[in-house]
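Residue numbers (the numbering used here), protein chains in the order written: chain A, 24 to 491; chain B, 24 to 491; chain C, 24 to 491; chain D, 24 to 491.
Honestly, the hints are just simulated from the structure, not real lab data.
No experiment lies behind these values; they were computed from the predicted model shown.
Not one of these hints is a red herring.
One copy or any two copies: either way a pair holds, since identical chains are not told apart in the list.
Calculated pairs, DSSO-like style, for lysine-lysine (alpha carbon to alpha carbon, straight line, at most 30 Å):
| # | residue 1 | residue 2 |
| --- | --- | --- |
| 1 | Lys277 | Lys317 |
| 2 | Lys317 | Lys352 |
| 3 | Lys317 | Lys383 |
| 4 | Lys380 | Lys208 |
| 5 | Lys277 | Lys383 |
There are 4 protein chains.
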Amino acid sequence: MCGVFGIHGHDEAAKIAYLGLHALQHRGQESAGVVAGDRTLRRHVGMGLVADVFDEKTLGRLPGAAAIGHTRYSTAGSSEVRNAQPFLFEYSGGSVAIAHNGNLVNAEDLRNRLEASGSIFQTSSDTEVIVHLMAKVPEFDPVNRLIAALRQVQGAYSLVLLADDKLIGVRDPHGFRPLVIGRLKDGYVLSSETSAFDLIEAEYIRDVEPGELVVADNAGLRSFKLATSEAAPSRFCIFEHVYFARPDSLVNGKSVYRARERMGTRLAEEQPAIADVVIPVPDSGVPSAIGYAKRAGIPFEMGLIRSHYVGRTFIEPQDSIRHFGVRLKLSPVRSVVDGKRVVVVDDSLVRGTTSRKIVKMLRAAGAREVHLRISAPPTTNPCFYGIDTPNRSELVAASHTLDEIARYVTCDSLGYLSHEGMMSTMGAIGEDGEVGVGYCSACFTGVYPVQLGKGGDGELVRLRRNKV
Amino acid sequence: MCGVFGIHGHDEAAKIAYLGLHALQHRGQESAGVVAGDRTLRRHVGMGLVADVFDEKTLGRLPGAAAIGHTRYSTAGSSEVRNAQPFLFEYSGGSVAIAHNGNLVNAEDLRNRLEASGSIFQTSSDTEVIVHLMAKVPEFDPVNRLIAALRQVQGAYSLVLLADDKLIGVRDPHGFRPLVIGRLKDGYVLSSETSAFDLIEAEYIRDVEPGELVVADNAGLRSFKLATSEAAPSRFCIFEHVYFARPDSLVNGKSVYRARERMGTRLAEEQPAIADVVIPVPDSGVPSAIGYAKRAGIPFEMGLIRSHYVGRTFIEPQDSIRHFGVRLKLSPVRSVVDGKRVVVVDDSLVRGTTSRKIVKMLRAAGAREVHLRISAPPTTNPCFYGIDTPNRSELVAASHTLDEIARYVTCDSLGYLSHEGMMSTMGAIGEDGEVGVGYCSACFTGVYPVQLGKGGDGELVRLRRNKV
Amino acid sequence: MCGVFGIHGHDEAAKIAYLGLHALQHRGQESAGVVAGDRTLRRHVGMGLVADVFDEKTLGRLPGAAAIGHTRYSTAGSSEVRNAQPFLFEYSGGSVAIAHNGNLVNAEDLRNRLEASGSIFQTSSDTEVIVHLMAKVPEFDPVNRLIAALRQVQGAYSLVLLADDKLIGVRDPHGFRPLVIGRLKDGYVLSSETSAFDLIEAEYIRDVEPGELVVADNAGLRSFKLATSEAAPSRFCIFEHVYFARPDSLVNGKSVYRARERMGTRLAEEQPAIADVVIPVPDSGVPSAIGYAKRAGIPFEMGLIRSHYVGRTFIEPQDSIRHFGVRLKLSPVRSVVDGKRVVVVDDSLVRGTTSRKIVKMLRAAGAREVHLRISAPPTTNPCFYGIDTPNRSELVAASHTLDEIARYVTCDSLGYLSHEGMMSTMGAIGEDGEVGVGYCSACFTGVYPVQLGKGGDGELVRLRRNKV
Amino acid sequence: MCGVFGIHGHDEAAKIAYLGLHALQHRGQESAGVVAGDRTLRRHVGMGLVADVFDEKTLGRLPGAAAIGHTRYSTAGSSEVRNAQPFLFEYSGGSVAIAHNGNLVNAEDLRNRLEASGSIFQTSSDTEVIVHLMAKVPEFDPVNRLIAALRQVQGAYSLVLLADDKLIGVRDPHGFRPLVIGRLKDGYVLSSETSAFDLIEAEYIRDVEPGELVVADNAGLRSFKLATSEAAPSRFCIFEHVYFARPDSLVNGKSVYRARERMGTRLAEEQPAIADVVIPVPDSGVPSAIGYAKRAGIPFEMGLIRSHYVGRTFIEPQDSIRHFGVRLKLSPVRSVVDGKRVVVVDDSLVRGTTSRKIVKMLRAAGAREVHLRISAPPTTNPCFYGIDTPNRSELVAASHTLDEIARYVTCDSLGYLSHEGMMSTMGAIGEDGEVGVGYCSACFTGVYPVQLGKGGDGELVRLRRNKV
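Whole structure, please, built from the sequences with the hints as guidance.
Below, the structure written as structure tokens:
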């Protein structure tokens with residue numbers, strides 16, 4: 024889970040990239056960075072939020088008409104500044120900068136092979152592999168190099184690169200992760216989501232297609248097709264719509280807000296509840312709760328308030344406070360829930376610990392009944408394509424029945440949206456009745472579109488930890 | 024507009040105060056501070072957010088079982104660290120710390136008199152006047168000193184003090200600003216709003232009454248009545264309910280969420296609109312928009328998304344972006360508003376500049392019509408009791424007709440809630456038909472409950488700038 | 024032990040003050056600050072070194088043609104930013120800023136009296152007392168106020184003040200602490216030492232005399248005589264020459280370097296040693312070691328190297344290093360001392376702990392004999408006039424014989440300069456044979472020129488801790 | 024000009040390395056870093072001084088019993104954190120960390136070849152080339168890899184590496200740069216100079232020999248000889264003795280202090296002057312000035328005071344101060360030089376600008392005559408082996424006669440030590456009369472022991488800029 028952004032043809036490219044990253048901040052808060060320049064590329068990265076990593080001075084040191092940027096999600100293991108992207112390398116073709124959203128499944132294999140041939144690595148990220156592969160290609164043009172390199176990699180990648188005065192964007196043949204193209208004045212922009220275009224007043228043109236590589240340079244925009252994309256069916260990550268993308272974004276050509284609202288509507292049909300009020304877990308649960316409430320004919324209220332000041336670390340007293348982390352972020356509105364039968368709509372239930380705290384907080388605020396409704400199916404499998412889900416053993420739905428989960432969470436009833444229901448709201452039912460056409464929903468179904476690298480589950484987990 | 028917090032009888036008083044301030048952060052983001060101790064008081068204050076001002080180390084330097092804290096609103100002029108509260112002074116009675124929410128209207132007079140008698144001032148805050156007055160009282164007990172000092176001050180004050188191992192809380196006779204009492208284990212807590220109690224798991228007991236002074240020490244909680252409070256009618260600031268307090272708080276004994284929702288309901292009755300969708304300006308406009316939508320029978324949607332990462336400074340490109348400030352904070356959801364007739368509900372319209380930008384952004388996102396509804400009356404007068412409203416000349420409603428404002432804001436229609444409507448939703452219509460019983464609504468009516476100090480409007484403005 | 028600086032009549036007064044403080048940095052490393060302005064005064068202070076407290080931005084916020092600055096010595100107890108000078112107060116006369124080098128002996132008395140009359144204090148510094156006294160004077164002119172205030176204070180003070188567009192400098196009637204006057208272009212400067220003048224290219228005019236008050240404003244420089252100064256004999260602190268002032272400075276009209284070198288010469292006469300090499304403890308011991316070596320006819324060498332990077336905190340391993348603190352600062356040159364009989368010349372021996380470590384380090388580096396020579400008499404009494412000497416109980420010479428000290432220090436011989444010898448090198452022997460005419464040498468003799476305030480030694484110590 | 028340090032076999036290896044770097048701080052102030060660990064290596068580097076780059080927290084994150092450290096000199100171009108050493112790479116052999124003092128002359132060639140074969144570079148440093156070469160060697164053992172890699176590099180290198188739980192140290196066959204071996208308890212330490220051993224209480228064993236590679240691991244210390252070292256004569260950098268090393272250090276087995284003092288003695292013989300006083304330019308000029316003064320029979324005095332607080336940035340007023348940079352660092356003692364004929368002894372004269380400022384400052388302080396004596400020959404050629412001398416065009420002695428330089432510097436007379444004189448004080452005159460046996464003095468003679476890479480002077484300069 025990361026956000027990538029690129030721009031070509033703007034006097035203040037680094038500043039635009041930095042603003043673009045602000046609009047992609049929800050995709051990653053661990054680190055942020057920008058590489059900018061024309062022939063000479065300069066890099067600034069740091070741990071933390073975009074607003075904290077950059078200031079007038081650091082932006083001033085990044086001149087040039089092209090830039091790429093990256094925000095990185097906070098994961099446990101590899102939280103080090105050396106893994107902060109974009110990376111900037113020098114090789115025989117000059118300088119190349121790269122930013123990556125996704126996860127390669129054969130990175131470990133490739134890395135071993137590269138190291139055996141004498142390559143040295145600077146980071147623990149799978150992204151570095153791509154540049155090593157590029158460096159080995161006996162071509163001068165970076166686009167040709169990249170195309171050749173990508174022939175060897177498998178997995179999920181939406182990449183933006185700067186090389187040789189060109190901005191390059193590419194999505195893997197399955198198109199797991201989003202990447203959209205826009206126009207800003209005379210130049211072009213690339214972004215994980217359209218939310219970045221809205222902020223900088225760029226015009227959305229279209230999505231980069233799965234298996235497509237686009238190049239923006241002074242000659243305009245050109246498009247290439249990766250050879251490997253021929254046979255590959257589209258597999259856009261359904262979780263982007265369920266939870267990850269911003270509701271005001273279009274991803275994969277569809278409104279995130281509307282997708283969530285429709286999931287909420289369908290959820291009300293599949294999992295009705297007798298209740299006095301429907302409340303969302305803000306902010307991502309709001310559209311589906313609205314959809315649920317409308318379909319169910321139960322009043323919608325904001326029964327949980329989300330603090331504007333989260334994302335900061337807070338120190339807990341030794342005499343600890345119950346549900347401290349959740350409490351800092353969410354607070355129940357007693358006047359909304361007191362004495363009521365409450366439907367709480369959330370977009371996912373991963374470990375169950377947060378849901379449990381929310382249910383308890385609502386009861387403490389007077390809720391008579393708490394009915395938990397999840398606008399997605401049970402999350403039963405880890406993601407190997409760039410979403411930082413926990414190991415299978417931590418996914419409560421992987422090893423527990425609905426009843427067991429409900430008991431753990433302490434709710435009066437628990438209902439998930441069905442996989443078929445979710446996919447039908449997305450129009451992803453094939454003519455042959457195939458459920459999920461065009462989408463990857465491996466986290467719900469365990470059906471992985473791209474074969475994993477050798478090694479067992481442990482190794483896969485290790486892969487995932489390296490880079491998201 | 025500030026938040027105050029106090030605690031007595033807790034091993035980690037400073038940490039609890041710091042968490043309490045986090046839950047009052049919406050009342051002021053300019054500076055934050057805590058004074059803690061038993062007999063020896065220690066102080067730490069800084070510019071910025073609570074989470075940035077304090078860390079494990081600074082909190083570790085504030086031992087003791089009692090503490091008070093303060094968050095200060097960002098105002099233009101007096102943004103200096105020397106004005107960051109709580110203040111800590113030494114006088115013949117020992118040490119005294121003080122934190123203030125409100126504004127004294129005769130501070131300038133008192134300050135001139137005190138300086139003439141040889142007092143020296145360290146800050147440009149009216150709060151310091153109170154401590155100078157305390158220091159002149161020929162009594163030892165700080166409670167008696169404070170009571171005597173308050174005889175001389177006029178205006179709005181909810182104060183918390185630490186002195187002589189006592190926590191003191193007091194509201195002015197009119198009770199302009201809120202202050203609530205809670206219990207945390209064996210100790211007592213004071214806070215501007217109950218939101219702080221929810222975070223720290225304290226139990227709400229009751230509001231400090233107008234003109235009441237409470238003392239928490241090892242003997243428990245005692246209550247005193249200010250002599251000046253006899254003839255003073257309650258004048259609780261209606262703006263706390265309209266805009267300022269957090270929706271999950273009780274202030275003046277009433278739910279802020281429910282008050283806003285009822286104002287929205289009444290607004291729908293007074294100012295209907297033919298439309299396809301009702302959307303709030305988040306976050307403060309959400310409850311009134313829900314109320315409006317329900318009463319009007321028009322679907323409610325979150326048509327504007329608020330960024331989680333606001334409150335950080337962002338650098339604008341030289342080639343500037345339209346509506347930059349609003350855009351960083353709010354973004355329209357095209358799929359919600361495109362092609363629709365939209366009712367936008369906001370809680371106030373002060374200068375009109377933000378509303379204008381929102382209307383334009385909504386139109387750019389495809390809204391066919393934009394009907395702006397304000398869940399409060401026109402703001403026509405400045406506040407002298409602690410809300411940082413702009414000068415009268417900047418209040419667009421003070422000098423423009425409804426039509427002129429609508430034209431400026433570029434909306435298709437504009438409707439405010441009536442003063443009577445607002446007050447009737449608060450149950451503030453007297454038996455004699457008097458509108459606004461128990462409330463100060465001077466900002467809407469120009470009727471000021473406390474006479475202002477000598478001097479013209481300019482001086483008043485200066486007063487206001489000193490301290491909020 | 025502090026440094027003060029003032030300037031009037033320069034476009035970049037704050038920047039000049041800041042450079043002046045750099046040249047006075049040796050007088051205090053705990054905190055630094057500048058107040059600058061014309062009618063409106065602005066203040067910036069911080070903990071640490073001048074170079075760390077100020078940057079382009081903070082200096083840019085201090086416009087105006089007049090400024091005062093202060094560097095404060097690191098003392099144990101009161102190391103808080105609220106005690107960082109200059110102070111800035113507002114009183115009926117407007118604003119007044121003050122910076123103080125010295126120590127008032129009746130501050131506690133005065134403070135009690137002021138608090139009893141209703142004054143409130145912001146700091147634990149004796150300097151604040153002076154401004155409170157000024158505020159009580161029924162005059163408008165700050166010079167008259169200050170003169171009246173100083174009638175009530177006793178002790179050591181070299182003050183610089185800014186008030187009413189005037190720069191004021193004053194030394195107490197005994198002239199304990201230095202203060203010199205210079206000219207910089209069309210304006211005037213005041214400084215603790217001439218070293219600051221050399222850096223900023225100001226021209227030294229003369230010393231402010233004991234009991235003299237000078238005022239620099241747009242009319243030029245005027246001089247006043249404090250009434251209390253009539254009967255007061257000069258008592259310039261001999262320790263300034265022995266140790267405290269910079270060797271390139273003139274203080275009290277005399278070269279510090281030459282004074283130290285002459286003390287070294289006299290020391291060689293009084294305390295000869297049979298040795299192969301004379302080495303100083305750098306940097307303050309260098310001139311006296313040169314004087315010693317020349318007179319004794321023994322080669323001078325730099326047998327101890329002082330690190331350029333001291334003044335930074337270093338973390339010690341758990342498995343601690345012997346003499347860690349001294350080792351970080353000083354290292355012996357083996358090739359100079361190995362196999363030699365070494366005379367080490369230092370300017371003072373206070374607790375004896377550092378000398379002991381130096382002797383041991385020299386022996387470890389091969390010194391055959393170590394003869395310690397101190398170019399001042401034994402320090403037997405604490406200072407109450409602004410030098411941060413330890414309590415009497417920690418002064419090793421106060422309670423131990425020469426032999427005991429030598430044994431503790433582990434040197435082969437120990438010799439001090441006699442009090443008479445020291446004073447004769449300063450030309451401070453009266454015609455009547457009185458030793459020490461014009462100087463305070465209470466730390467060596469116990470003869471205190473100004474009577475101490477009531478209370479025992481403990482209180483005095485407390486006084487001293489408040490402010491140096 | 025950098026400092027390197029390594030340790031193996033100590034529980035707090037990172038802390039010891041950090042202290043070692045403090046004692047090597049004079050060798051580089053631009054950046055500092057430590058890599059520590061056992062099998063897993065962790066890295067922390069930063070711009071600035073050791074004391075500012077590290078704190079308790081960052082050191083706490085560097086556990087392990089082995090560590091290497093590096094301090095880097097401030098050069099103009101490549102001052103970027105990505106060039107801060109030690110570097111840490113991963114390759115097929117695992118992790119390897121490296122720190123380098125010196126400069127490779129064929130780095131550009133090697134880099135081009137490596138890039139052509141697909142290597143990607145992370146830094147602009149020549150040091151990275153060595154690790155790439157190691158990575159290409161088809162061996163597992165890092166020692167064998169390093170030995171093979173070094174076969175291909177030419178130039179100056181004293182390296183410390185950590186790999187596979189081994190600490191490795193190596194000097195190039197000519198031994199341009201110093202590297203010494205010590206023992207600390209049960210472990211071994213390597214350092215550029217012995218000054219680091221003195222601080223950490225390690226015992227000096229011997230120098231690493233030119234062309235020697237030593238390995239410290241749990242089995243003890245082993246020594247290898249580089250094949251290329253057979254025919255290579257020793258060429259230790261004479262500038263280490265003249266200027267660069269700390270006077271309390273032994274480098275190349277000789278006392279730096281004594282070497283300088285002897286150069287001063289010889290200088291007095293070769294370049295006498297009729298004068299009243301001899302003063303050094305502190306600190307590096309002190310020993311040679313002492314030697315000069317003794318031999319000439321003229322009194323030695325510290326006529327220039329060096330500030331303890333240099334190394335911090337200071338902001339200059341717009342109305343600039345003459346000789347600002349030198350003035351911040353050095354101040355003349357008027358009482359020493361006023362009316363006197365002064366001999367100033369400095370260790371080098373590179374551009375002449377600093378000397379000119381010193382001469383002018385001394386005259387302004389009253390010096391009647393100023394005779395400048397340099398305890399080394401004229402610097403006429405740039406260094407390509409790791410000393411950051413300026414380009415030939417900036418070396419004043421490369422293109423000006425003695426008279427011209429003296430006129431520029433405005434001194435009354437100017438005298439350099441002869442090359443033969445310098446070498447004879449070092450005992451570096453061969454039996455055949457060869458001057459400079461065992462030393463590189465190319466900066467004085469233009470005779471470069473190692474042939475330079477292809478390309479003209481411009482390319483060489485570029486090389487030098489990359490890494491020192």
